[in-house]
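Visitor: Given the coordinates of chain A, work out where chain L should sit on it, guided by the hints.
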Amino acid sequence: MTGFWRRHSIHGITGLLLLPAILCFFGLFFYPMLLTIVLSFRPEGQAVGWTLENYTRFLASPDGRWVILLTFILAVGSTALSVLLSVPLALTLREKIRGHRFYRLMVIVPLVVPGLIGALGLLLFWGTRGWFNLFLTQFVPFLPSPLRVNYTIHGLILFYVWLYFPYTCVTTMSALESLDQSIEEAGAVVGANRWQVLRYIVLPLITPGILAGSVLTFMAAFGAFSVPLIAGGDYRPLAVEIYKEISIPIPARWSAASAIAIVMGILQVAFLAMYMRIVRRAGGNAGAVR
Amino acid sequence: MSDAMIEFREVTKRYAGLVANDRLSLTIRRGELMTLLGPSGCGKTTALRCLTGTIRPDAGRILLDGRDVTEVATHQRELGMVFQNFALFPHMTVRDNVGFPLMIRNLRKEARATRVQEALRLVRLEGYAEHYPRQLSGGQQQRVGLARALVYRPKVLLLDEPLSNLDAKLREEMRFEIKEVVTRLGITAMYVTHDQAEALALSDRVAIMNRGRLQQLGTPEEIYETPNSRFVAEFIGLSNFLEGRVASVRGATMTVTASGLSIHTPSLPEVAPGHKVLLFVRPNEIEILPAATPADTNVFPARVEKTTYLGDTMDYRLMLGEGVELRVQADARHRYGAGESVRLRWPRVRSWRANEE
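Residue numbers (the working numbering), protein chains in the order written: chain A, 1 to 290; chain L, 291 to 647.
Derived from the structure by calculation, the hints contain no laboratory data. It is possible that some hints are incorrect.
[Said to hold, decoys possible] What follows is a list of derived Cβ distance ranges for each label pair:
| hint | chain 1 | residue 1 | chain 2 | residue 2 | range |
| --- | --- | --- | --- | --- | --- |
| 1 | A | M274 | L | A403 | 52 to 62 Å |
| 2 | A | M274 | L | G307 | 49 to 59 Å |
| 3 | L | A363 | A | L203 | 15 to 25 Å |
| 4 | A | I108 | L | G307 | 28 to 38 Å |
| 5 | L | A363 | A | V112 | 54 to 64 Å |
| 6 | L | A306 | A | L203 | 28 to 38 Å |
| 7 | A | R98 | L | D312 | 45 to 55 Å |
| 8 | L | G307 | A | L203 | 30 to 40 Å |
Each residue gets a CB set at the ideal place from its N, CA and C atoms; glycine is no exception.
Bound-form chain L, shown alone:
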């Protein structure tokens, strides 16, 4: 048995000259929860719709559990799907909504009732079988959607921004619930979202898409810790960027001159003095120290411009050297006021060759 459950092979889809999917290749492993993440218009929804069969790709193949389904009709693909706007059948009760896929498959009444009951228990909605969708809250409606998608044990569960119509608090709750249900059933799931927090919290692996292509594929840690491009770094979490030139390379460390500062950072492969690089540091990776701190490697003087209180952290805008604005998030227990001079320590700086962009 092959390890791949969903396979996109060089899938291309154009809309009136606009390339929505540009030779997209992506493999989702059996039992894995993969998130397709990207800004709107990046092609993640197109990829999903190619997989459901709602639209046909112009080129490329789509394989489901080893079988080429590119030409197979939507209703024969054995998929389960949760929709952004829930897409429940408004004229049916919760029981009939969840039972619909079974009814279509001509399952006997008794078997149907048992399976519906099971599915409703899974999403903790046993008491709501006779309710109509409009009588339920958004979160409950989405749980009905989840039960309907899972009731006939499809090979694959697709989730199309399932949480974006819910309010913030519920979103977090539902996030755990979806994760738990998917893990318990061991089902392969493809989760489409533009919300990076969701992607990081839920996924086994994240596929970041940009302009119809796969930009980076990796675990949430890999994506966050070692983004392979400015696009990924900007999309996942907050970041500060500095353009600079390599001054010297000494073994595993190189020195980069950027905005008049000399910054030490792990060296890049095949890098030589004079190369342009892009430095990148997360706001929570910078330490703010008192102005009296002695000079050291990667310690730079700066001035606090603006502060925002965020509860557990303070958000600072600082001016560094020659007009470089930096964003830093630090513990709110030691506060620095606007106009105060401080020193910043960068324990960790990452970089890319700049022409890579």
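Pulled out of the complex, with its shape left as it was, chain A reads as follows:
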């Protein structure tokens, strides 16, 4: 122990310089986190006492379990769709087609547009009287009624994909970029056609990149707040549920909200750990791309 402190001792000016950072870290990260944990075990509205009721009430109720399931459905669905969208898109944009630079830029637009604005735009576009349905009713005969997209679960997944697929797409594109062209050439020379090169060489080699990117999409979708808040309707994933607990009831139910937040955090960390293990296994063999 003393050895550790001697080796890592912070002395004099270094310690002084580090102090603001350390204070910030404790003040902005540790303290709120600790407070949330403590609150989640307090009986609602009380400053003393310990209880598990906040957790049991949430986890035991059908509503609570539905919220967790819904959050997973939204995150998994949008991640899967993002991958299905990203791979062909990245493959297309790799070819030096006319304006590929512009299209590449367009891919990251959703990342720079604030989620709220993006969601509002999407609501307007997909609404029963939005452009999408205007187009449908104009050009598709025998359409009984406008398609409902807004405030449905598939609509919400669509919005998520729009907002969060750039993470997957950008990493897929960079994985493709770093692929050694001569490896593909080698495949073609020994007799593999384009499809076979894609299937046996390109896809296995970029899979680690795709997975790494999709975990970002998944995490963003899992923690999504503003989009489901304004575009989710009755579909409230975990983040919205937490917000609901502190914004609707009077007085606000801080302990219930804290318990849900802790559940959400644990799920997120557990999922991330599981995912990283899968990614590492998938990437194990392709990791040494020259």
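Guide: Below, chain L without anything else, positioned relative to chain A:
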């Protein structure tokens, strides 16, 4: 059956105004190992890529075993290729790498296993079937590349600077190994390199390329002994050049005056006194003799300027006559020091008409 296995017919390829292949015509015979040799940018890689189908020539035809393949897709050309950076599939074991061409051709599992085993035996890597490429040394990786290129018995083996990513000692070893494998299989091979030593050691014939064109084509001996231009002479081996004018022609011999020296050399066809010629002599073809040596034909006084010890030989820089610097490589057993006066004997001098350049 025609004797030609690979034929370039007037192949032209331009890149944004730059001519990479300028009406290149070249025939590689069945069972021959031909080297395309040249400095970078000479068009040898472009020629290779036209042959693999990675790029399409702007004009001209490419024939493989008598069949016009100019419009045929890469994967249908039945080629085997070894790459400079090995280009192994990093996510596959050695077995799967070598078996890949067979898998693509829907060969049955048992037949595949036998052929893979055969190919690995050919390159002496039987014990490494379950290894991944990254677990192998550079030389081993290149041998896997060779096995993968040969496993489906292609008509033609292409080698794109296969040794330039290996260290010097391994390079020499692999050079013999490639030569041996190619000879044993009797396969037609096209070897692209910028390394003249490799070209001389490996090839049945060497094609020297310069600025997108074929500069000279011949056996290694022909290329080294009778280079047809200054470019070839400079590229293959070391050379000394002297510009001069023909003083007189007497039958098979002519006398050339260069830098105040009178040099006797075999005469050139249709040469007359007054013509400009370029004389050329290899550093190891000049003998260094003691200063007391009596004057004779093609014996000239010189002074040693600089010496470099190269182990088995000494490398001399000498000053000859009116400020002409010469490079000579001679046996290291008799040494001459810097500043020493010596005589040089040129038993053999070759020449070209100078306007030919």
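Visitor: Compare the structure with each hint and give your call.
Guide: Outcome of the hint check:
no. : hint                        : verdict
1   : A/M274 x L/A403: 52 to 62 Å : violated (37 Å)
2   : A/M274 x L/G307: 49 to 59 Å : holds (56 Å)
3   : L/A363 x A/L203: 15 to 25 Å : holds (20 Å)
4   : A/I108 x L/G307: 28 to 38 Å : holds (35 Å)
5   : L/A363 x A/V112: 54 to 64 Å : violated (41 Å)
6   : L/A306 x A/L203: 28 to 38 Å : holds (33 Å)
7   : A/R98 x L/D312: 45 to 55 Å  : violated (30 Å)
8   : L/G307 x A/L203: 30 to 40 Å : holds (38 Å)
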